[in-house]
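Participant: Given the coordinates of chain A, work out where chain B should sit on it, guided by the hints.
Listed in order, the protein sequences are those of chains A and B. Numbers in this note's numbering are just positions in the first sequence, counted from 1, shifted up by 6. Numbers in this note's numbering are just positions in the second sequence, counted from 1, shifted up by 113.
Don't take each hint at face value.
To be verified - Chain B regions said to be covered by chain A (calculated; three or more residues, Cβ under 8 Å):
#	stretch
1	194-202
2	207-218
To be verified - Calculated pairs, DSBU-like style, for lysine-lysine (alpha carbon to alpha carbon, straight line, at most 35 Å):
#	chain 1	residue 1	chain 2	residue 2
3	B	247	A	29
4	B	338	B	135
5	A	29	B	225
Claimed, not checked - Far from chain A, by Cβ distances over 10 Å, these chain B residues were calculated:
#	residue
6	120
7	131
8	236
9	242
10	283
11	338
12	340
13	344
14	359
15	387
16	390
17	398
Everything labelled a hint here was simulated from the structure, so no lab data went into it. What you are looking at is a predicted structure, and each value in this text was computed from that prediction instead of being measured. Cβ atoms here follow ideal geometry from the backbone N, Cα and C, with glycine treated the same way.
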Amino acid sequence: MNPFTPRVAAVIRREFVLRVKSKWFLLSTLGLPVLIVGLGVLSAFLAVRGATDAGEERRLIGIADPAGLIGDLLIEEFLADSLDAVRAADMEALSVDEARTRLSDTSYDLLLMIPRSEGRRSAEMPGAMPDADEGEGGDGRTTLLARASVPSVIESSVRGALQRASVRARLRSIGVQSIDPGALLQRTSFDVINVTESGEARSQDIYRALSFGIAFFFYFILLIYGQMIVRAILEEKQSDIVEIMVSSLRPWELMLGKIVGVGAVGIAQMAVWALVFALAAVYGLTAGASTLAEAGIDIASIPVPWGTLVLMFFFLVFGYLLYAGMFAGAGATISNEHDAQQVMLPITMLIILPFIATQGVIQSPNAGWGVILSLVPFFSPLVMPARLFATSVPVWQWLVSLVLLGVFVLGAAWVAGRIFRVGILMKGQRANLPQVLRWIRHG
Amino acid sequence: MIGAVNTPAIRLRGVTKRFDRKTAVRDLDLEIPRGSIYGLIGPNGAGKTTTLRIILDIIGPDAGSVDVFGSPNVEAMRRRIGYLPEERGMYQKMTAADHLAFFGQLKGLKRKEALARARSGLDAVGLGDRADDKVETFSKGMAQKAQFLGVILHEPDLLVLDEPFSGLDPLNVELFKQLLQERQRAGATILLSTHLIEDAERLCERVCMIAGATKVLDGRVRDIKAAAGRRDIALSFEGNPTFLDAPDLIEDISAHGTYVEVRMLEGADPQALLRRAVDSGALISRFELIEPSLRQIFIEKATEAGLSHEDESEDDEAAA
Chain A
7 MNPFTPRVAA
17 VIRREFVLRV
27 KSKWFLLSTL
37 GLPVLIVGLG
47 VLSAFLAVRG
57 ATDAGEERRL
67 IGIADPAGLI
77 GDLLIEEFLA
87 DSLDAVRAAD
97 MEALSVDEAR
107 TRLSDTSYDL
117 LLMIPRSEGR
127 RSAEMPGAMP
137 DADEGEGGDG
147 RTTLLARASV
157 PSVIESSVRG
167 ALQRASVRAR
177 LRSIGVQSID
187 PGALLQRTSF
197 DVINVTESGE
207 ARSQDIYRAL
217 SFGIAFFFYF
227 ILLIYGQMIV
237 RAILEEKQSD
247 IVEIMVSSLR
257 PWELMLGKIV
267 GVGAVGIAQM
277 AVWALVFALA
287 AVYGLTAGAS
297 TLAEAGIDIA
307 SIPVPWGTLV
317 LMFFFLVFGY
327 LLYAGMFAGA
337 GATISNEHDA
347 QQVMLPITML
357 IILPFIATQG
367 VIQSPNAGWG
377 VILSLVPFFS
387 PLVMPARLFA
397 TSVPVWQWLV
407 SLVLLGVFVL
417 GAAWVAGRIF
427 RVGILMKGQR
437 ANLPQVLRWI
447 RHG
Chain B
114 MIGAVNTPAI
124 RLRGVTKRFD
134 RKTAVRDLDL
144 EIPRGSIYGL
154 IGPNGAGKTT
164 TLRIILDIIG
174 PDAGSVDVFG
184 SPNVEAMRRR
194 IGYLPEERGM
204 YQKMTAADHL
214 AFFGQLKGLK
224 RKEALARARS
234 GLDAVGLGDR
244 ADDKVETFSK
254 GMAQKAQFLG
264 VILHEPDLLV
274 LDEPFSGLDP
284 LNVELFKQLL
294 QERQRAGATI
304 LLSTHLIEDA
314 ERLCERVCMI
324 AGATKVLDGR
334 VRDIKAAAGR
344 RDIALSFEGN
354 PTFLDAPDLI
364 EDISAHGTYV
374 EVRMLEGADP
384 QALLRRAVDS
394 GALISRFELI
404 EPSLRQIFIE
414 KATEAGLSHE
424 DESEDDEAAA
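The following block holds chain A by itself, in its conformation from the complex:
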């Protein structure tokens, strides 16, 4: 029997059209891309701003190195970084505390104080790095005094210069003169490549980030749209229309229409987002292709996992149906907003818990408990999509997970339908648990 009778279609249409035409839909659908693009633009702007600030505002760095061990080397290094630095002979006799009180009388914007023993200690014990960032002012430590807050670019320049200078000092002390410390200090890096059963390569980091993103997105969608279901059912009661409705269609048809209608709004919203992001991605990747290529990232080598995406969509839809059924049943037991918060809480917890668990699962996606959680309904709609992205999941696992979830969806729909049938006609006081259990038993 086809459950989507014309009258169910009418309910779906009404839910969909009214919601899509609402201000809420316009704001939230356009809001998310605007928010993401806005944040991107803002952080890019701030980064650029910070860099130009650092470049434009020349800062004078004074170097107090009473032992005279690395001061000259530091100046060379700073100059190489196009920063102005001079020896601050007038400050060399002062302690950190004294220097601090006198800094404003000097022309230095920053004062780097090397302790008397520092050069020697570093030279003798190559493991001991001078600390530039811990300005506790102990005389045995390297200290950077600054008049204004130090931009992070400057701070890292100082750290780099200090490191290179002290390495050169150490090398010099053991008689090595002509080695470029830059070459010595070159960072090593390596890629982690996850090899799937079929031998495809996937870069771990990108997928970890993506799987967290997916779990968060699903969590967000389930929460928002679940609450929307409760509101939609509350609307029936609060507008006194429900008795007219149930004289025209079966309560379960009304419930089905509401759930599918609200779900269709979600799909429309995601379609808009997908379109916006696809356009942005195409545009952004085309524009930024050369930059990415310089950074050694070849876009074409990142495979789009279509199969995974389709599978994830199924988990989202099943997950939505499971929670929507429960929210619908809960919505039928209440008549006002105040009670809505209370009945939604336990179901909301059932979404939050899997989300928290997902964050652990992403770290070790093949651990035993992660595998089990990805099979357990309620957990699986969030955990399995995250695992699908983070690792390669054997076919039997996602198949079992999906089937179990499907069984629970039907179960939840059956229970919710029983509650709905009686509850939807109730008004006033919220139904208590024994009452609800009786409805489920007797219908």
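Facilitator: The following block gives chain B in isolation, referenced to the frame of chain A:
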């Protein structure tokens, strides 16, 4: 689909419904002929709404059977039924035309057709220029019209109305009655419940009285009144009132000087009383058999059935 013409529009047999320990409807038999305007009367809490909901298959009976147009499958008849419950809200955020079209679609109309009917219906009740306004901007009286239109848009063969006139302004009461009679002329059967017995008396050909979950009486209003008999007499006279001392004929007298209201004993002949009055030499200016009101009959029957408590509450309701 349509059963034989002589099958009743609605037939209930032995319908009983209990909620927890309270019996809302007890062993109710009901037969509502096609094309009639039928009133279900009784005080609040008598079980009227429950009866209507059972007929509409919104709730199932604990015992007994329900046929609509000769079919026990009420579900299949929904397109032919229009129901106006006592609680008759609308979705506030929809426009009137859209809302009515939605109701029409629920009853199986195609959207286009439903929308066209919604607009012409709104036109007919003087709301044509408000068709595209949201329901939330409507006054109470306008919303009442729109609600009623929603029930008759699909031209149902059976109209079920729960307390249709409660809360209506007087103009809308007239409009509703007019629209109801129009539907009846088109062949529809109309079942309405009301605690205002006078409304039922004016509008309905047939009534069923229930009190305390039990049927007290049903049938044609005319027949019910005839069966109750004309036992009340209004009498004005001048002269000696000794002829009124007639325990073989009279059950009760309320005297107001020369005007007297007399209740005859059951089966007693009013003509006998008239003869005695004439013989006594009294000068009679008025001797009239008064038809009992449905209300009086109802109170009597309910009292007989030992349901006097509900009758009092019903009186309060009617007076309010």
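Participant: Each of the hints needs a verdict: does it hold here or not?
Facilitator: Hints, verified against the model:
1. Judged by the Cβ-Cβ criterion of 8 Å, the stretch 194-202 of chain B is covered by chain A as claimed, because 7 of its residues qualify and three suffice.
2. Here's how the stretch 207-218 of chain B fares: 4 of its residues keep a CB closer than 8 Å to some CB of chain A, so the rule of at least three is met and the hint holds.
3. Proposed proximity of residue 247/B and residue 29/A is supported: the alpha carbons are some 15 Å apart, at most 35 Å.
4. The suggested pairing of residue 338/B with residue 135/B holds, with an alpha-carbon distance near 32 Å, which does not exceed 35 Å.
5. Simply put, residue 29/A and residue 225/B have alpha-carbon atoms about 26 Å apart, close enough for the 35 Å limit, and the pair holds.
6. In this structure residue 120/B is separated from chain A by more than 10 Å, as the shortest Cβ-Cβ distance comes to about 22 Å.
7. Annotated as non-interface, residue 131/B keeps its C-beta farther than 10 Å from every C-beta of chain A; the closest such distance is 12 Å.
8. With a cut of 10 Å on Cβ distances, residue 236/B stays outside the contact zone with chain A, its closest approach being about 22 Å.
9. Every Cβ of chain A is farther than 10 Å from the Cβ of residue 242/B; the closest lies at roughly 22 Å, confirming the non-interface assignment.
10. Every CB of chain A is more than 10 Å from the CB of residue 283/B (nearest about 23 Å), matching its label as outside the interface.
11. With a least beta-carbon separation of about 33 Å from chain A, residue 338/B lies farther than 10 Å from that chain, consistent with its non-interface assignment.
12. With 10 Å as the threshold on Cβ separation, the claim that residue 340/B sits away from chain A holds: the shortest Cβ distance comes to roughly 35 Å.
13. The beta carbon of residue 344/B sits about 42 Å from the closest Cβ of chain A, which is more than 10 Å, so the claim that it is off the interface holds.
14. Under the 10 Å C-beta cut-off, the non-interface status given to residue 359/B relative to chain A holds; the minimum distance is some 55 Å.
15. Once the 10 Å rule is applied to beta carbons, residue 387/B is consistent with being away from chain A; the minimum gap is 54 Å.
16. At roughly 57 Å from the closest C-beta of chain A, the C-beta of residue 390/B stays outside 10 Å, upholding its exclusion from the interface.
17. The Cβ of residue 398/B lies farther than 10 Å from every Cβ of chain A, with a closest approach of about 55 Å, so its non-interface assignment holds.
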